[in-house]
Amino acid sequence: MFQKLSLLLLIWLSVFCSSRSLAQGFLRADGKKIVNEKGENVLLRGVGLGGWMLQEGYMLKINKEGQQYRIRERLEELMGAKQTGEFYDLWLANHTRKIDIDSMKAWGFNSVRLPMHYNLYTLPVEKESVNGQNTWLEKGFAMTDSLLAWCKANQMYLILDLHAAPGGQGNDVNISDRDPSKPSLWDSEANQQKTIALWRKLAERYVNEPWIGGYDLINEPNWGFDDPVNDKNGTKEKNNAPLKKLMIDITKAIREVDKKHMIIIEGNGWGNNYNGILPQWDNNMVLSFHKYWSYNDQGSAGHMIKARDKYNIPVWVGETGENSNVWFTEAIRLFETNNIGWAWWPLKKIGVNNPVEIKSNLNYDSVVDYLNGGGNKPKESNVYSGLMELAVHTRLENTTIHRDVIDAMIRQPFSAETKPFKKHIVQNRIVINAVDYDLGRNGVAYFDKDTADYHVSNAKHKGGNKGRMYRNDGVDIIKDPTAYEAYYIYNIESGEWLNYTMEVKKKGSYTIKLKVAAANDNGRISILSNGKLVSKDILVPNTGGLSDFQFIEIKNVPLNAGKQTLTVLADVGFFNFSQLQFNK
Numbered sequence: 001m002f003q004k005l006s007l008l009l010l011i012w013l014s015v016f017c018s019s020r021s022l023a024q025g026f027l028r029a030d031g032k033k034i035v036n037e038k039g040e041n042v043l044l045r046g047v048g049l050g051g052w053m054l055q056e057g058y059m060l061k062i063n064k065e066g067q068q069y070r071i072r073e074r075l076e077e078l079m080g081a082k083q084t085g086e087f088y089d090l091w092l093a094n095h096t097r098k099i100d101i102d103s104m105k106a107w108g109f110n111s112v113r114l115p116m117h118y119n120l121y122t123l124p125v126e127k128e129s130v131n132g133q134n135t136w137l138e139k140g141f142a143m144t145d146s147l148l149a150w151c152k153a154n155q156m157y158l159i160l161d162l163h164a165a166p167g168g169q170g171n172d173v174n175i176s177d178r179d180p181s182k183p184s185l186w187d188s189e190a191n192q193q194k195t196i197a198l199w200r201k202l203a204e205r206y207v208n209e210p211w212i213g214g215y216d217l218i219n220e221p222n223w224g225f226d227d228p229v230n231d232k233n234g235t236k237e238k239n240n241a242p243l244k245k246l247m248i249d250i251t252k253a254i255r256e257v258d259k260k261h262m263i264i265i266e267g268n269g270w271g272n273n274y275n276g277i278l279p280q281w282d283n284n285m286v287l288s289f290h291k292y293w294s295y296n297d298q299g300s301a302g303h304m305i306k307a308r309d310k311y312n313i314p315v316w317v318g319e320t321g322e323n324s325n326v327w328f329t330e331a332i333r334l335f336e337t338n339n340i341g342w343a344w345w346p347l348k349k350i351g352v353n354n355p356v357e358i359k360s361n362l363n364y365d366s367v368v369d370y371l372n373g374g375g376n377k378p379k380e381s382n383v384y385s386g387l388m389e390l391a392v393h394t395r396l397e398n399t400t401i402h403r404d405v406i407d408a409m410i411r412q413p414f415s416a417e418t419k420p421f422k423k424h425i426v427q428n429r430i431v432i433n434a435v436d437y438d439l440g441r442n443g444v445a446y447f448d449k450d451t452a453d454y455h456v457s458n459a460k461h462k463g464g465n466k467g468r469m470y471r472n473d474g475v476d477i478i479k480d481p482t483a484y485e486a487y488y489i490y491n492i493e494s495g496e497w498l499n500y501t502m503e504v505k506k507k508g509s510y511t512i513k514l515k516v517a518a519a520n521d522n523g524r525i526s527i528l529s530n531g532k533l534v535s536k537d538i539l540v541p542n543t544g545g546l547s548d549f550q551f552i553e554i555k556n557v558p559l560n561a562g563k564q565t566l567t568v569l570a571d572v573g574f575f576n577f578s579q580l581q582f583n584k
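Note that the sequence shown covers residues 1 to 584 in the UniProt record's numbering.
Treat the hints as calculated values from the structure; they're not laboratory data.
As the structure is a computational prediction, the values presented were derived from the model and not from experiment.
One should not assume that every hint holds.
[Said to hold, decoys possible] Pairwise CB distance ranges (calculated):
1) Asn583 to Thr482: 45 to 51 Å
2) Lys449 to Asn376: 38 to 44 Å
3) Glu417 to Glu128: 46 to 52 Å
4) Asn583 to Lys423: 18 to 24 Å
5) Glu77 to Glu189: 48 to 54 Å
6) Val392 to Asn520: 24 to 30 Å
7) Ala149 to Thr235: 37 to 43 Å
8) Asn542 to Glu503: 34 to 40 Å
9) Gly495 to Asn458: 38 to 44 Å
10) Ala93 to Pro481: 30 to 36 Å
11) Lys423 to Ala459: 38 to 44 Å
12) Asn428 to Val392: 54 to 60 Å
13) Lys460 to Thr235: 33 to 39 Å
14) Asn230 to Ala483: 49 to 55 Å
The beta carbon of each residue, even a glycine, is placed where N, CA and C say it ideally should be.
Use the sequences and the hints to build the structure in full.
Shown next, in the form of structure tokens:
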């Protein structure tokens, strides 16, 4: 009996020690760095699960009344409470599953930021039967438990982010699902106490979980405390006293039950205004900054580095994204060069500039048109069908995975190597779609003059992929309405070019046909093979318009057998480009 118990004890110790070594211990602040239990620097590379627990209207293409509660109310008007409830149940079940976290790990991410909606964890204050009481709801906690289990299985850190606090924490109401007709977080002591109680409850539940990376207390507060009329989002706030007090009170409540986890705080004005908030009040604290649509030079990170140096505290970019691949690569190189971790926003939505795209459908498009005020009221059955299909399409296996976005985030920041976007094997009568140019940095895999949206730094500089489809580089891509799931490049400017890495089966002289459209006869093209000019000054004729395509032939193009790169260069631009065809 003693031998059996000893054997069981050894097995348990082996498993326990093994799991502890894999876990690397709790993350903590160590001066200006985030480190693990061994004191090793940890650079967080993560993505936020926006749209799961909390839908923001733009993620669903709903631009009018985009708070989740209003979206839900209007869907109930169209198809009833029961069917609306079915949609939301299916949405929550499908949007984020183990396969999503497994995939994130495989793609190269090491962390996940969970934007939580408080109403999945506790009732709103106005629905509590007793003032000051907190009714706890199992759904939110169960969803978080499952997500944590998936993260643990992949050795990924999970950051809990209170994205929608009781009452709502800002005047940008979509972000926190705020109802302006009710007291906000800042107007209600009851909402503040419920926020504090929720964080204490979460800390109690996860106190011994090392794969919980930290507690992100309040997402993007944006509130004018001193001048609510002229500074409603708090970007110019000088004191931020109510925000600081609430975050200190939350920290105290957490530390009553959990002294292990990092506390992550965000400034006012969408996370960046720390006036009056610092210095920190806890020795295991991290500053979160949010960065959108600004330049990615060293100066754009200056305020983060200045705060880090002055207060000897780690910095994390807890939210950023919503731009082009060029911007993503620039930003991540900037962050990581300065030892700043990041969490992109979001993992998936209806849209191309994120790792995963949720596909829409015709019935849902009609719902969107109506909710945005531009279409006829759809039939109830069509609304239900469109919404349920959308919820099914949130499952990862039913989405479009944008590997160009992932490559721009994980590989391209520190690699100038190009890779084929698709495998192109050139032999007789082969077709390469123009949009399937190489994968890599601007100026290496392709060259485009208008690559990203920098309007925060320069109001006139709002560029990038104007078509916002298929790929997320600066190259302008639009859908071809004459063919199923076909796309072409439009508005090619003078000096822009595209590389196509190919495997040529047989050496020889080829005829290359380019499918182009133009509204004048000014366009000129050159062709290069492995950087060597093989054909120049090819006329792009007036085809009758930018949607009227025809082929132009380039004869006697010598191609060697094996791997080579073909470059299509617009010497004189402003034409559209659809295909390359090879004939031997």
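Going down the list of hints, with the structure as the test:
Distance hint check: the CB atoms of Asn583 and Thr482 are about 23 Å apart, inconsistent with the given range 45 to 51 Å. In this structure the hint that Lys449 and Asn376 lie 38 to 44 Å apart at CB holds, the actual value being about 41 Å. Glu417 and Glu128 have their C-beta atoms about 58 Å apart, which leaves the hinted 46 to 52 Å range violated. A hinted range of 18 to 24 Å for the beta carbons of Asn583 and Lys423 is consistent with their spacing of about 20 Å.
Remark: the range hint 48 to 54 Å for Glu77 to Glu189 is contradicted by a beta-carbon distance near 34 Å. Restraint check, Val392 to Asn520: a C-beta distance of roughly 46 Å breaks the suggested window 24 to 30 Å. One distance hint, 37 to 43 Å for the beta-carbon pair Ala149 and Thr235, holds here, with the actual separation near 39 Å. Between Asn542 and Glu503, the C-beta spacing of about 35 Å keeps the proposed range 34 to 40 Å intact.
Checked against the hint of 38 to 44 Å, the pair Gly495 and Asn458 fails, with Cβ atoms roughly 21 Å apart. Checking the proposed 30 to 36 Å range against Ala93 and Pro481 shows it holds: the Cβ atoms sit about 35 Å from each other. Against the hinted window of 38 to 44 Å, the Cβ-Cβ separation of Lys423 and Ala459 comes to about 42 Å, which satisfies the hint. Restraint check, Asn428 to Val392: a C-beta distance of roughly 42 Å breaks the suggested window 54 to 60 Å.
Taken as a hint, the range 33 to 39 Å is violated for the pair Lys460 and Thr235, whose Cβ atoms sit roughly 21 Å apart. In this structure the supplied range 49 to 55 Å holds for Asn230 paired with Ala483, their Cβ-Cβ distance being about 52 Å.
In this structure, the hints that do not hold are numbers 1, 3, 5, 6, 9, 12, 13, in rising order.
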